[in-house]
Amino acid sequence: MANWRKYIPEGTKDILFQECKKKVEIENILREIYVNSGFLEVKSPTLEFYDVFNIENSTLPQEKIYKLIDSQGRILALRADMTTPIARIVGTKLKDAIYPLRLCYTSNVYRVNESLNGKNSEITQSGVEVVGIKDINADAEVIIMGINALLNCGLENFKVELGHAEVFKALIEDANLDYEEKEKLRESIDSKNFTALNEILHENKDKFEESSLNILKELPKLFGGIEVIEKASVLTCNKRAIKALEAVRKVYEVVESMGLGEYVAVDLGMVHHIDYYTGIIFRGYTQGFGGNILSGGRYDNLVAQFGENKPATGFAIDVDGIIKSLETSGNFSDKNDEKVLLYYGEKDFKEACEKAQQLRGERVIVEITHFKEEKKAREYAYNKNMKFFKI
3 MANWRKYIPE GTKDILFQEC KKKVEIENIL REIYVNSGFL EVKSPTLEFY
53 DVFNIENSTL PQEKIYKLID SQGRILALRA DMTTPIARIV GTKLKDAIYP
103 LRLCYTSNVY RVNESLNGKN SEITQSGVEV VGIKDINADA EVIIMGINAL
153 LNCGLENFKV ELGHAEVFKA LIEDANLDYE EKEKLRESID SKNFTALNEI
203 LHENKDKFEE SSLNILKELP KLFGGIEVIE KASVLTCNKR AIKALEAVRK
253 VYEVVESMGL GEYVAVDLGM VHHIDYYTGI IFRGYTQGFG GNILSGGRYD
303 NLVAQFGENK PATGFAIDVD GIIKSLETSG NFSDKNDEKV LLYYGEKDFK
353 EACEKAQQLR GERVIVEITH FKEEKKAREY AYNKNMKFFK I
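All residue numbers for the sequence shown refer to the working numbering, where the first residue is 3 and numbers rise by one.
For the record, the hints were derived by calculation from the structure and aren't laboratory data.
Think about it this way: if two alpha-carbon atoms lie no more than 25 angstroms apart in a straight line, the pair counts; the simulated PhoX-like pairs of lysine-lysine are: (1) K245 with K171; (2) K341 with K378; (3) K357 with K341; (4) K352 with K378; (5) K15 with K121; (6) K386 with K25; (7) K25 with K161; (8) K161 with K194; (9) K121 with K186; (10) K233 with K245; (11) K252 with K171; (12) K171 with K186; (13) K184 with K66; (14) K252 with K241; (15) K219 with K194; (16) K184 with K219; (17) K389 with K374; (18) K386 with K349; (19) K24 with K341; (20) K207 with K233; (21) K341 with K23; (22) K194 with K223; (23) K69 with K15; (24) K223 with K245; (25) K69 with K45; (26) K223 with K209; (27) K66 with K186; (28) K219 with K245; (29) K233 with K219.
Go ahead and model the full structure; you've got the sequences and the hints to work with.
Put into structure tokens, the structure is as follows:
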């Protein structure tokens, strides 16, 4: 039998030294942004009952969720995302709270990923949820906050793509498609798989109105600046879809008016899970990271599954993705804090501790060495790029 004590599971990693320091700094930057904007921090348990995630319109299929059995035979799950546990908290413990609720978090989530796809199974997510208000300006606020959060973390070259869940829903509402057919159509558009998309539409062409068929063929191509809204509006006369397009336009214009226009784009081919999202949706991408570094949108039906019918919107940031992107772009800077090695030799150790405490009060990083030989202490300081201080 193999002995695995020296190894860690696929999809996990040890975070050491400067990377660990940088990650904590990023988490603190994000937390400060949220708290200064009136958000209250929450944490949910790492272990939840599997039923929390086994709900209608779940964001993850069950094969992506780590499951185990407790002592009473009940199925537990490692926390697979943060939005669903927060919806549980709102629907149970915060029923009598004053709304809207502004909640934030930074926690690890766990998802089964293929070992060869390069993605971690343990991911640190940081984000916000605004619960209890259905207003387009709330959607714009979380997008603006998401952009500013990425900027404050040191990212420069990124785009946040805007879409709307109702565009796709409106275009297929009159087609007699079963769930599997809808999912295939959604996936082909979202992945911009034109071959699969054309095949699906050709097989079901008799189920669509001609105008809906035409714009569905074009959806994966409809990305770029705000001019995409105009192009899409010409391709459809579906009132529900046009209303959704106008919502995207308004959010885009609000973000642009804040001087953040260079960081946003429109992608009408962005189609998340069919029913989970109900309004504005968005994803952020940056150089040096393969997946989306920011994702979110409006999900007005989730909290109701836990007892309270409350609209909500929010976002999640991949903290590990920020670290990877900063490393790739060369922006993974480390402040050159003054570091001192305090050598006390034959002096009293108590005296060394008092001196170290004094220097630390002056915001100096101090390490007390227990080498008895000064030569060894100096070599150690040199190798660690530290100043040598002898008392």
